[in-house]
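Visitor: Chain by chain, the residues:
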Amino acid sequence: MRDIRAGGSAAAATSGEGLRTFLAVDAGGSTWAVEAGAVRRVLQDAEWSGEAVDVARTFGLEIEPKDGLGHVLVVGKGAVEVAVRAHGHISLIDVARKDVHPVPADILGITRSLVSEVAFRKSSAPAAELPPLLIVDVAALERMAPENSEGSET
Amino acid sequence: MQLQVEGVWFAVDASSVQEILGRKNWIAVPGAARATPGVVEWRGRAVAVLDVAALGSGGSALSPSAPRRRVVVTQVGRNVLAMPVDDVREICEVPEERVRPHHATNHPFAPTEVEIEDGKPLPLLDLSLATQAGAGGGRTES
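Sequence lines, in order, name chains A and B. According to my numbering, the residues represented by the first sequence are 1 to 154, in order. According to my numbering, the residues represented by the second sequence are 1001 to 1142, in order.
Hints are computed from structural coordinates only; laboratory data are not their basis. Among the hints, a few may not be true.
[What the hints assert, rightly or not] BS3-like cross-link-like pairs, simulated, lysine-lysine; straight-line CA separation at most 27 angstroms:
| # | chain 1 | residue 1 | chain 2 | residue 2 |
| --- | --- | --- | --- | --- |
| 1 | A | K98 | B | K1024 |
| 2 | A | K77 | A | K98 |
| 3 | A | K98 | A | K122 |
| 4 | A | K122 | B | K1024 |
Sequences and hints are given; from them, build the entire structure.
Guide: Written out as structure tokens, the structure reads:
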């Protein structure tokens, strides 16, 4: 697990063979994550003046705002950029590709959900268990981008 | 095969059962249906969790912090479902005539019931119906 600092670019994060890299955000006892390659900028809350998608609130997670941990991730794969609010600690996490699984969205009744995949992470320590990652679909985030309301860095 | 969830016994067609696991953690997926609230890892994939207690039998809904003692993995058509349960009994063979439309039992996802050895009928869960309940059912609160 590696920390990244606000203002840094995560897009340069590269995945080793067999690994996928995510920016993971702690939220209310759960951890959601977005593909690191889709994150263009990580800003402090105060550096963003526009609207932002609040993934944790969309998920109904209980958030305890912590001083100094409010960030905005600017995410996008194509022409669209969407700002995503991150309330908790942000980490860069490598996950083995084999541990990332698509969710059976049709059975769960969530065909248009933000969650596209989950990662069950293995710990090298026998007794330790790492919390799973709820992986947010960048395309679904882009669909949530408020039209004509591009934010700006202040 | 007989299963118990929250004090209620059910039967399922044993031919659909792929594996019986011990207690296994699962992950809640936000926005998922109440009957299929999350996923569990099984044989290198994420399979849907089916909470039988949420299908109308009463009892407490499944919680990630309190996984049940056993997980019964079943194949329903192309779908795989993992059912956390409290207890599992051995497979028993039952003559066709002991499977009949429900009469003594009344469960929305068990249109038939089966009479096991002690003469007491158990609701025979229709897992296809249960799967549809997940796909079209009520949402979880999160």
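Visitor: Are the hints correct? Go through all of them and say.
Guide: Structure-based check of each hint:
1. Restraint check: the Cα-Cα separation between A:K98 and B:K1024 comes to about 19 angstroms, which is no more than 27 angstroms; the hinted pair holds.
2. Between A:K77 and A:K98 the alpha-carbon distance is near 23 angstroms, which keeps this suggested pair within the 27 angstroms criterion.
3. Between A:K98 and A:K122 the CA atoms are separated by roughly 11 angstroms; this keeps the pair inside 27 angstroms, and the hint holds.
4. Taking the CA atoms of A:K122 and B:K1024, the gap is about 14 angstroms. The hint holds against a cut of 27 angstroms.
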